[in-house]
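Given chain A, put chain B in place with the hints provided.
Chains as they are written, first to last, in numbering that gives the first Met the number 0: chain A, 0 to 663; chain B, 0 to 663.
Keep in mind the hints are simulated off the structure, nothing from the lab. Each hint should be verified, as a subset may be incorrect.
Identical copies go unnamed one by one, so any copy, or any two together, can satisfy a pair.
Unchecked claim - In silico BS3-like pairs for lysine-lysine, Cα to Cα no more than 30 Å straight-line:
(1) K496 with K560
(2) K41 with K422
(3) K187 with K41
(4) K428 with K16
(5) K41 with K428
(6) K644 with K526
(7) K351 with K428
(8) K16 with K637
(9) K637 with K24
From a predicted model like this one, the values you see are computed outputs, not experimental measurements.
Protein chains: 2
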Amino acid sequence: MTDSVYLQDIPLEDAWKIFRTELEKRGLWSVLEVEEVPLDQKAAGRILVEPAIAVRPSPHYHASAMDGFAVRAADTLGAMASNPLILTQPGQMQYVDTGDPLPVWADAVIPIENVEALKDPQTLAAEKDARLASLIRIRAGVTPWSHVRPVGEDIVTSQLILASGTRLRPADLGAAAAGGLSNLRVAKKPRVAILPTGSELVEIGAEAGRGEITEFNSMVLAAQVDEWGGEGVRYPVTVDDFDLICRCIQEAVDQSDLVLVNAGSSAGSEDFTARAIEKLGRVYVHGVAVRPGHPVIIGFVPRSIGSAPTLEVPVIGVPGYPVSAALTGEIFIEPLVRRWLGMGEPQPQVVKARLTRKVNSSAGDDDYLRVVIGEVNHQLLAAPLSRGAGVTTSLSKADGIVIIPRHIQGLEAGETVDVRLYKPESELKQTIFAIGSHDMTLDVLAQALSVYRRRLVSSNVGSLGGLIALARGEAHFAGSHLLDPETGEYNLSYIRKYLHGTPVRLFDWVGRTQGLVVVRGNPSKIKGIADLWREDLSFINRQRGSGTRVLLDDAIRRLGKTARGIRGYEREEYTHLGVAAAVQSGRADCGLAVQAAASALDLDFIPLFAERYQLVIPVQNMATGLLDPIFTLMRDSKFKSEIAKMPGYDTRNMGNEIEWTEST
Amino acid sequence: MTDSVYLQDIPLEDAWKIFRTELEKRGLWSVLEVEEVPLDQKAAGRILVEPAIAVRPSPHYHASAMDGFAVRAADTLGAMASNPLILTQPGQMQYVDTGDPLPVWADAVIPIENVEALKDPQTLAAEKDARLASLIRIRAGVTPWSHVRPVGEDIVTSQLILASGTRLRPADLGAAAAGGLSNLRVAKKPRVAILPTGSELVEIGAEAGRGEITEFNSMVLAAQVDEWGGEGVRYPVTVDDFDLICRCIQEAVDQSDLVLVNAGSSAGSEDFTARAIEKLGRVYVHGVAVRPGHPVIIGFVPRSIGSAPTLEVPVIGVPGYPVSAALTGEIFIEPLVRRWLGMGEPQPQVVKARLTRKVNSSAGDDDYLRVVIGEVNHQLLAAPLSRGAGVTTSLSKADGIVIIPRHIQGLEAGETVDVRLYKPESELKQTIFAIGSHDMTLDVLAQALSVYRRRLVSSNVGSLGGLIALARGEAHFAGSHLLDPETGEYNLSYIRKYLHGTPVRLFDWVGRTQGLVVVRGNPSKIKGIADLWREDLSFINRQRGSGTRVLLDDAIRRLGKTARGIRGYEREEYTHLGVAAAVQSGRADCGLAVQAAASALDLDFIPLFAERYQLVIPVQNMATGLLDPIFTLMRDSKFKSEIAKMPGYDTRNMGNEIEWTEST
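Pulled out of the complex, with its shape left as it was, chain A reads as follows (with noise of 0.2 Å):
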């Protein structure tokens, strides 16, 4: 076993047999502990162990099912509408609420809505009252154990109620306790130790400097753990010194059932998770082939306290990015807890659907591609996120999991694809896909939407990235702002052009102003566009095809000159707030995006320009019913001042439609 470098990247089914066959040898891999809970006391959503048998009959006593008379069904016999019939209490007939037992000479109810209560010749009392009556009338006779509910009509004394694996639901408490039943015998929960290590670890609240990390893998390992069904337990960090390390996995070790370490489990100069598990127990698994998630490490470490012989406990080097650590949970993790509770395997629901773009994976790789889902005329569309381990929103994002197997070496735009799904499939349907141009107005609408039970996806490919995916169906609508500068007019030639054969209209959304982000105080006195050549500066490019690179290009051009020169500018960022974070990080001097970008992070900036922003909408779309939140909205004068409250927006045109023809 070497310690710097993890050699071992092997398949993800043979890293299972191998943790399996070592779970299995250590009589690991079945439930792991009993115990026994009182029904009422949160036993709902435990695992039963043991199957639940009646112990006894429900109903337990014969029951009236109605409001009525007791009666023997033989007294009643050759009652007629034309013939009708007397009984007097007692002897012949007594009132019953439903649920209340039958009299032992009784075998059936007469419902009270079906006899006449008489008045008591001695009495003369009770006509009134059926309830109090002491002589009926009755006009029908009853077959013997009519309206009643007998002994056992739902369970009888010995009869399975509920099969061992069953999740218990509130109704199954019901049927417990209907069977007699006051206990339980329920998987214990797991108890998962999680070991956050790391010198460059924050607590979560704590201000986090240069190279320091706020540490909430643990909080999301844990609440994985809690939502499988165990009992995840957060340790406080450990700083990377060697002997504290193992002496804390020992500790976790002597209290749990499972060890996830997390962090130093990378080869970096900080991987100390290999030799301290190595130490204490044994490594068999050091890097899995699977992205992300790679540096997974698997062990096994004695127990140095309890009874012989010494139970060894698996340890997991769960790796340190985010979504690597995420991922390690649903694929390691999850099966062994539901393994411990007495569960199958997670049976995750599986749709097809589209990908709406290429995605490339390394051979070698089983490669877990997270993505949305949306229906999109009619078809599941699956679009993918950001790929990168530090992520951490293309997992909260995420609607499922692509698994592209290590074989394949991608996919392709428009391939079907089996999505694990996250969510219930009946809220993918909710989901509005945009698409296009980058604008800090979507977010403002995703928030708006969000109350009307509308999620909004964005995926910023630009303005005639979005053009070109509408036509493809690939988007609900477009954000658009490609200037024609021939003419003056905003998207119409281009949607002529890339959008025949899909019949769109157009909405103006807002109008915005463009210009050069630069940091607090303008220090190098940027004035416009033509400082851009200048050598001293460097300037952040928005990607190709996008709005605001057309208008960049398009002033360039005003100027009479190339964009050679100008420093940066094969740099590309995809949104406003993209630009805007490398000019605060001194990526970059300045770049061209929205005054609202800039005023996010507290930046300068130049106008330049004030340009149309408008949505370009299928006709198709409309007809669903999904967007008719965004007309509404466009309507809505709260959120038309909402959006004209941040700097650089105008929402006057806001909903108004363009008219247009194909022809120009």
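Same frame as chain A, now just chain B:
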């Protein structure tokens, strides 16, 4: 408002319209209250009521994305395989681990695997551990910002991370923490008080005598409320005392956001709920045309404490039958709790399935039919469960609900229905539909199959009904013991008659002993079938089409008699345990059933017949693998001995296939 009968049996939509109007009037049709929770303290599962906006970028510094050397990209220009370049520390390069901040002078990282560490001519050290090198050789240049995670790659300050209405998943907590948040504003869990009322109620675990009922509805309702995100609080049972009930309701109203009063809501003599609400506040709905569930009461009661204006708390009278109570929860309480949490309407997943049998429905009521779902021959089937409002097992077994609207009088067998699922669709495919004859060993099989993640759902329609159901493709297998008196063979002549066109295979399951079930000590001294005509005896029969009925009728015929004169011949039970329970509870003196049923209920048994119980399996159902565990179990000696332990069973031939041909 009368207090004795629920006159206003109004349609469900009308009831909801009134309820919603009254909630809106009181400002109770929106998020109830907001609270701030620390991310790391069980925020998972809570519902966000304000958008989570990033207050910090992620990463918050330019971080190395690899283990390697931080460099200035410009310094690496021109490096080629044929023209390597040497970089020195300090000044030109510096080792960085993944996640380390880039030195301020650097703008790119060269991964460690792309460099050669050189021996430092001065110290002669470091060639082996590249990380310590002070001289490295590179053979390719890098572009600016390569292998760097720039500030804001994941999240930019001011970006929307999570929209309001999000139910927080573990990964969402990570994204919020990455965006610099440590608290989130979520909806307060509504406190829902549940008051069981009724002098007949006893606690779970206590002995329930005749006329007493174990109170578990409050447990089920509380578990439901918890599951929906509220906080269910059970109050002690209140006896039927009007003033006491009023006091308890007022106390609950003063402490809670919603009060459920369970039982006492029917029109029976213990109906105090409506009167109590009317006395303390006002009743708006009394009786809803939904089945089961009818006697729902909706009212509002003002708090007796707290500030002006007085808050009026909704109080719902929940019917006492367990199934009605749980469905009332789903129909009235879940949507309200969700609304208070800021979530949308419940969106159950809906699947289309074919109904296995005809159901009647009373016109005028929306009927909530519980069904079990399974897939037979690529077709989803919905098998209706017992309709009784007291049948708790019908809710526990249910995979979903079919709503039969009130203008429809019923549904035909074979009709396609929409089923609102309680479970993920993926779990439904693990259901094995057994149909036909009831046998006690099917419970043992059900439990054993649960280990294989199969759920066995048995419909006891009798042997003949089972064969007919197989012909219609409505089950995976049928248990059958139809004796052909002519040949002495089991099942074959019936299979030839009813299943031509459906190729099936036939397997021995168990040999079993049938006989008369009588109470302990056999006080009536019953000896055999010939006694059934005695005038002092009552009999309980099995339903027409059951193998046991065929057996009885054959025995009657062999005695040269007819059924005429057997008291109770027309009273039918659907299971062996049902027959035994009828004898145990005194509804009959004897009945024909298997020995194990008598034994389960501690009754005496007069053995009369040995018979063969076999499994009939359509060939097409054997191809999917679903039934494989049944074949594994038929060869499993532990399973066989478990069955053989039950009285009257013989497993010697279990799993033997009966060879047969279509022609006789």
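Of the numbered hints stated previously, which ones are contradicted by the structure, given in increasing order? none
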